[in-house]
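Asker: Using the sequences plus the hints, can you model the full thing?
For the protein sequence lines, the chains are B and R, in the order given.
Position 57 of the first sequence, counted from 1, bears residue number 57 in this note's numbering, the numbering being contiguous throughout.
Position 63 of the second sequence, counted from 1, bears residue number 63 in this note's numbering, the numbering being contiguous throughout.
Hints are all accurate, no fakes.
Stretches of chain B that chain R covers, calculated by requiring three or more beta carbons in the stretch to come under 8 angstroms of a beta carbon on chain R:
#, region
1, 31-43
2, 105-113
From the structure, some residues in chain B lie toward chain R, with a derived Cβ separation under 10 angstroms:
#, residue
3, 4
4, 6
5, 9
6, 10
7, 46
8, 49
9, 59
10, 91
11, 95
By construction, these hints were calculated from the structure, which means they are not laboratory data.
No experiment lies behind these values; they were computed from the predicted model shown.
Every residue, glycine too, gets a C-beta built ideally from N, C-alpha and C.
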Amino acid sequence: GAVVSQHPSWVICKSGTSVKIECRSLDFQATTMFWYRQFPKQSLMLMATSNEGSKATYEQGVEKDKFLINHASLTLSTLTVTSAHPEDSSFYICSARGTSRGTEAFFGQGTRLTVV
Amino acid sequence: AQSVTQPDIHITVSEGASLELRCNYSYGATPYLFWYVQSPGQGLQLLLKYFSGDTLVQGIKGFEAEFKRSQSSFNLRKPSVHWSDAAEYFCAVGPTGGGNKLTFGTGTQLKVEL
Chain B
1 GAVVSQHPSW VICKSGTSVK IECRSLDFQA TTMFWYRQFP KQSLMLMATS
51 NEGSKATYEQ GVEKDKFLIN HASLTLSTLT VTSAHPEDSS FYICSARGTS
101 RGTEAFFGQG TRLTVV
Chain R
1 AQSVTQPDIH ITVSEGASLE LRCNYSYGAT PYLFWYVQSP GQGLQLLLKY
51 FSGDTLVQGI KGFEAEFKRS QSSFNLRKPS VHWSDAAEYF CAVGPTGGGN
101 KLTFGTGTQL KVEL
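Answerer: Put into structure tokens, the structure is as follows:
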């Protein structure tokens, strides 16, 4: 399958700071990327969908000013958690879809964010 | 609205035993169904998917799943479980096309006893 890489794999930050998570499609052009959040022992909840060159579409209840998503190129999307607080601590996973890879979306390995 | 139910939060099986993980879905049209596996601290790996054709789908690592429209189910099976299969398993449903946003079940944690 296609390769989607997230960086960093884990990050610890101080409360009030901002953290950027990168999601890269390594061997295909990702026209659409999805950002999910997963709480411990729970399922994945879709946060937002982004199409290259367009503003992201956020799911209901997700603060767009807090979770900034940029999808400026066909191989990179970023999620920035602004003014992070301990309740933002979670596992964030991206997935990417490209027309050259059919309709399947491929997942990154996830990023564990801990806010202290 | 679409939804996915995985009734079993935890399942424990002995190595070599057969496995069946249940998944029921609710969807207004023809669904696109997936099973993913997640190891601790890792992303998701696709095991198999179904959107049309033969209702018995073969996947990687010896897994298979059967789509039963009448029961709105897509149960995952494996004839003989290996210790390395211990992980979290997620069933997901999406619109035809599959690449659009998916709705995930709450997951089933599989423990394998040696």
